[in-house]
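Given chain A's structure and the hints, the job is docking chains S and B onto it.
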Amino acid sequence: MSSTVQAPDQAPETAAPLLEIRGLEKHFSLSGDFLEQLKFKRGRLVREQQYVHAINGVDLDIQRGEALCVVGESGCGKSTVARTVMGLLHPSAGEIRYDGQRIDELSHKAMMPYRRRMQMIFQNPYASLNPRMTIQQTLEEPIRLHHPDWSSQRIKEQVAEVMASVGIAADWGARYGHEFSGGQRQRIAIARALVVDPEFIVADEPISALDVSIQAQVLNLLMEAQQQRNLTYLFITHDLAVVEHFGTRVAVMYLGRVCEVAPTATLFARPRHPYTQALMSAIPRLEDDRPQHIRLEGEVPTPVNLPSGCVFHGRCPHANERCRREIPVLIATIDGGQVACHAVEEGRID
Amino acid sequence: MALLDVNHLDVRFALRRGDVQALRDVSFSLERGERLGIVGESGAGKSVAAFSLLNLIAKPGYIAGGSIQFDGRELTQMSDRALRHVRGHRMSMIFQDPMMTLNPVLSIGEQMVECLKAHRRISNREARAIALNKLEQVQIPSPAARLDQYPHELSGGMRQRVIIAIALLLDPDIIIADEPTTALDVTIQAEIMALLLELCEKHNVGLILITHDLGVVSQVTQRMLVMYAGRVIEQGPTREIINDPQHPYTQGLINALPQMATPGSRLNQIPGSMPSLDNLPSGCAFHPRCGFVQRADGSTRRACIDEVPGFVTSGNCRVACHMVAEMLERERIPAEEIR
Amino acid sequence: MTTTTPQVASRWSRFRGSYLLYSFKRDLIAQLSLVVFIALVAVAVLAPWLAPMNPYDLAQIDIMSSELPPFWVDGSDPTYPMGTDAQGRDLLSTILYGARVSLIIGFGAVALQALLGVSFGLLAGYLGGRVDAFLMRLADIQLSFSTLMVAIVVGALVKAIFGGATFSAYAVPLLVLIIGLAEWPQYARTVRASVLAERSKEYVDAARVMGFTSRRIMFRHILPNTLSPIFVISTVQVANAIIAEAALSFLGLGMPETQPSLGSLIKSGFDYLQSGSWWITLIPGLMLVVLVLVINLLGDWLRDVLNPRLYKG
Chain A
1 MSSTVQAPDQ APETAAPLLE IRGLEKHFSL SGDFLEQLKF KRGRLVREQQ
51 YVHAINGVDL DIQRGEALCV VGESGCGKST VARTVMGLLH PSAGEIRYDG
101 QRIDELSHKA MMPYRRRMQM IFQNPYASLN PRMTIQQTLE EPIRLHHPDW
151 SSQRIKEQVA EVMASVGIAA DWGARYGHEF SGGQRQRIAI ARALVVDPEF
201 IVADEPISAL DVSIQAQVLN LLMEAQQQRN LTYLFITHDL AVVEHFGTRV
251 AVMYLGRVCE VAPTATLFAR PRHPYTQALM SAIPRLEDDR PQHIRLEGEV
301 PTPVNLPSGC VFHGRCPHAN ERCRREIPVL IATIDGGQVA CHAVEEGRID
Chain S
1 MALLDVNHLD VRFALRRGDV QALRDVSFSL ERGERLGIVG ESGAGKSVAA
51 FSLLNLIAKP GYIAGGSIQF DGRELTQMSD RALRHVRGHR MSMIFQDPMM
101 TLNPVLSIGE QMVECLKAHR RISNREARAI ALNKLEQVQI PSPAARLDQY
151 PHELSGGMRQ RVIIAIALLL DPDIIIADEP TTALDVTIQA EIMALLLELC
201 EKHNVGLILI THDLGVVSQV TQRMLVMYAG RVIEQGPTRE IINDPQHPYT
251 QGLINALPQM ATPGSRLNQI PGSMPSLDNL PSGCAFHPRC GFVQRADGST
301 RRACIDEVPG FVTSGNCRVA CHMVAEMLER ERIPAEEIR
Chain B
1 MTTTTPQVAS RWSRFRGSYL LYSFKRDLIA QLSLVVFIAL VAVAVLAPWL
51 APMNPYDLAQ IDIMSSELPP FWVDGSDPTY PMGTDAQGRD LLSTILYGAR
101 VSLIIGFGAV ALQALLGVSF GLLAGYLGGR VDAFLMRLAD IQLSFSTLMV
151 AIVVGALVKA IFGGATFSAY AVPLLVLIIG LAEWPQYART VRASVLAERS
201 KEYVDAARVM GFTSRRIMFR HILPNTLSPI FVISTVQVAN AIIAEAALSF
251 LGLGMPETQP SLGSLIKSGF DYLQSGSWWI TLIPGLMLVV LVLVINLLGD
301 WLRDVLNPRL YKG
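So the protein lines, in turn, are chains A, S and B.
Every letter in the first sequence is one number past the one before it in full-length UniProt numbering, and letter 28, counting from 1, is 28.
Every letter in the second sequence is one number past the one before it in full-length UniProt numbering, and letter 311, counting from 1, is 311.
Every letter in the third sequence is one number past the one before it in full-length UniProt numbering, and letter 290, counting from 1, is 290.
With the rest of the complex left out, here is chain A:
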């Protein structure tokens, strides 16, 4: 039935992944509180709730030391995945395992050791620093929380070390966030994530609010930190050019589902999913030959009323009856990736 098989030369099981996401779902209620949900329908009082289906059944593994990039357009649920992993949102269903241990239902106290090991970098450098705290305070505060036994001498040394490693001058410490430019603030935000010596960092669009020349600085900084500190990244972005440069593997999301996961080089050499193909053809490139970009019909449907079957079928040039009916699952491809597409599975497209 399937034309794709497990890649033979791939090691069967190398090491347990650092982070495992299984069947993750997150719905947001649109309907307000109980009283607002009551509606009159045909003379009867009924309770009606509407949901935004931000993510619907996401499975992802993140291996130690890799940078897994999640790409997709706005509303595809990539930021929700990040926020759910970090415990900023509670999943509606599914499991998140960190280092083999389920973390999505831990109490605040039981979560604390993981809080130190997992850190996050946010998109908007103008909002991610507390305007009433100096840089020194911002950087010391997390250490005091996670290492209450450290002397203030040791805390200061740790802060100084991290500040130096992200290229922050020592005299910035006494100043406030608003005195710095966007790129400098993002450095400070990165420093704040690094001061507690994490091993896993979720970066939610960390460079999309920055200028081109500053983006390069911050990307370089993230890559240096990865090498020096042996970090694992979950990197959320909409920019495929960044993914190609930065990612070890890429997961492409559409409307709350993962449609393709593959090693970066593989994905860029040969995108399998029709949506990935369209997305890649849309990147504005510097090359002279204007590439014929694949035009998708219509726009992304709202995540309130999800389409039946494959969420992409309404815009997919290859959709057939099965696509409209049946939800595709991720299947392994011959070159080491996974793709969720009936057409690829049936060999209708290659």
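Don't read these hints as lab results, they were simulated from the structure.
Backbone N, C-alpha and C define an ideal beta-carbon position, used for all residues, glycine too.
Wrong hints could be hidden among the right ones.
[Unchecked claim] To give an idea of the interface, some chain B residues facing chain A are shown, with a C-beta separation under 8 Å as derived from the structure:
(1) Lys201
(2) Tyr203
(3) Gly211
(4) His221
[What the hints assert, rightly or not] When the alpha-carbon atoms are kept at most 20 Å apart in a straight line, the in silico EDC-like pairs for lysine to aspartate or glutamate are as follows:
(5) B:Lys25 with B:Asp304
(6) A:Lys109 with B:Asp205
(7) A:Lys156 with A:Asp171
(8) S:Lys59 with B:Asp304
(9) A:Lys156 with A:Asp197
(10) S:Lys117 with S:Glu31
(11) B:Lys201 with A:Asp197
(12) B:Lys159 with B:Asp304
(13) B:Lys201 with A:Glu179
(14) S:Lys202 with S:Glu136
(15) S:Lys117 with S:Asp80
(16) S:Lys202 with S:Glu31
Chains S and B only, in chain A's frame:
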């Protein structure tokens, strides 16, 4: 003579700590039907340049000097009334956020009809027919139904199409598009850009595209300006600049793109960040970040630090850089000696 | 290490270079208001030392010298520059003491309002959900009882249970309680709105990711960033509380005439307006108007300065 001719434009903002010069000595021209890109990072002054073309700079900004000749008429001296005519009829503007242009309490049709009737003496019926025709041109599905919809009922991409339709309403000569697709997703962005390009080519409309995205500029425009700290530092045919940038900043900007480096390697970053306009470095505003200045020898290095560079012509491009000037000079002398 | 020294220095220089000081230097009305306000507060606070006599001391009161007019009217007595009231108290001293009572009640009530309102607003805004719904409905209920209703109920209860003498003895704390209880929802609503705005910012997410407790995030991270609206609303509320106290006293629900506030002075003089002793009402009335006006002017200036939409950079 070009359709639009901007010469030595200076724009200042009167702030409480004194005037801040947002644009210095900006000159460029646009031929009928030509597409020009203005590229720069935030704070480079590219949006100010666009707004000043329509004399739309909000207080405390004002045009302090220079001229803007449009079709032989001086825009900086024009009365408000005459300017309004130019704004609607001859030049129109597309903003990054469609909601800046669209009034949320009026239907799309009402807004388009209102706009038409403000400039032309026509009946509602005729105006509606023109509006419908423009919506068809921007390839909106079921355009007749859209006329009676409100902006919030449309998706982001649809709204930007409506904005383009409104910009085309009065058949302008020039469309100024300020980051028209930045707020949109990649796939939608590509379609809107393709549409804009197609319409401009078809109706011979000039386009001034303001963006930070070099990829978009390289695909849409014929000529481009690169701006840094309120000045134009390089201008010329888009292809030549993209393929062979002369100014160290332009080089840095292009080389910093992830697609210019091998995956996984270090990106070629430009150190530091754009200076703020009220605290510009002396000489060439880029010199503290410029890798060449650090390596340059005495006299050129001093020139970079002390003197504001003038433009030199290199090929079809004009570049404001002491290093390029010196290099050209060195090439020219042997040529003369041979003769 | 030496990092603390520049920090202290920078705070002072930050204030000196701040927009607050800059705009104050250029706003004549704000400067005048502040001068008048400080002067009024100073004379009120220093009343026991400044006032020619103590109006609370019955021994100093001479009923024979009642209803004497102020100095610029014929028939005045130079011992009483502002005249005397119906009981023969020196009006100047009574006004100074009265202003003191009014200010104590005004600031006390606002402190109580702020304590209740800020805590409830923080909780409602940060925790959301049911806590939010409960606290905000409570605020709605509170607002539907006017200050007058609360005063009548509390006053009646205290008088019924402990007697009128106790009420008079504890009039100041009781009025603080009444006005404080009646008006906390103003604070709660303002604070909740700005907490909601702050909570959606990423620095709060960053603190949550870090693992800080809700309490620490609320008080250490969010509260300092909602101080601007709290300051602004506080000025308005002080003015309102002073007016509310005056209104209650005027209606006989507030300060007893033996220890008059500005409001009860106005009331005590009101009965003698017809008989020509206008000064007993008018002079304290003028004092009240000036006091409330300068507070409101200062509040207006503060709102303009702290409004982030007007002030950029």
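Hint by hint, here is what the structure shows:
1. Lys201: Because about 4 Å separates Lys201 (chain B) from the closest Cβ in chain A, which is inside the 8 Å limit, the hint holds.
2. Tyr203: 5 Å, holds
3. Gly211: 3 Å, holds
4. His221: 6 Å, holds
5. B:Lys25 with B:Asp304: 14 Å, holds
6. A:Lys109 with B:Asp205: Given that 20 Å is the threshold and the Cα spacing comes to 18 Å, the pair holds.
7. A:Lys156 with A:Asp171: 13 Å, holds
8. S:Lys59 with B:Asp304: Holds, at about 19 Å.
9. A:Lys156 with A:Asp197: Status holds; Cα separation ~14 Å.
10. S:Lys117 with S:Glu31: 29 Å, violated
11. B:Lys201 with A:Asp197: 24 Å, violated
12. B:Lys159 with B:Asp304: Measuring from Cα to Cα gives roughly 44 Å; hence the hint is violated.
13. B:Lys201 with A:Glu179: 18 Å, holds
14. S:Lys202 with S:Glu136: Cα-Cα ~14 Å, so holds.
15. S:Lys117 with S:Asp80: 19 Å, holds
16. S:Lys202 with S:Glu31: Status holds; Cα separation ~16 Å.
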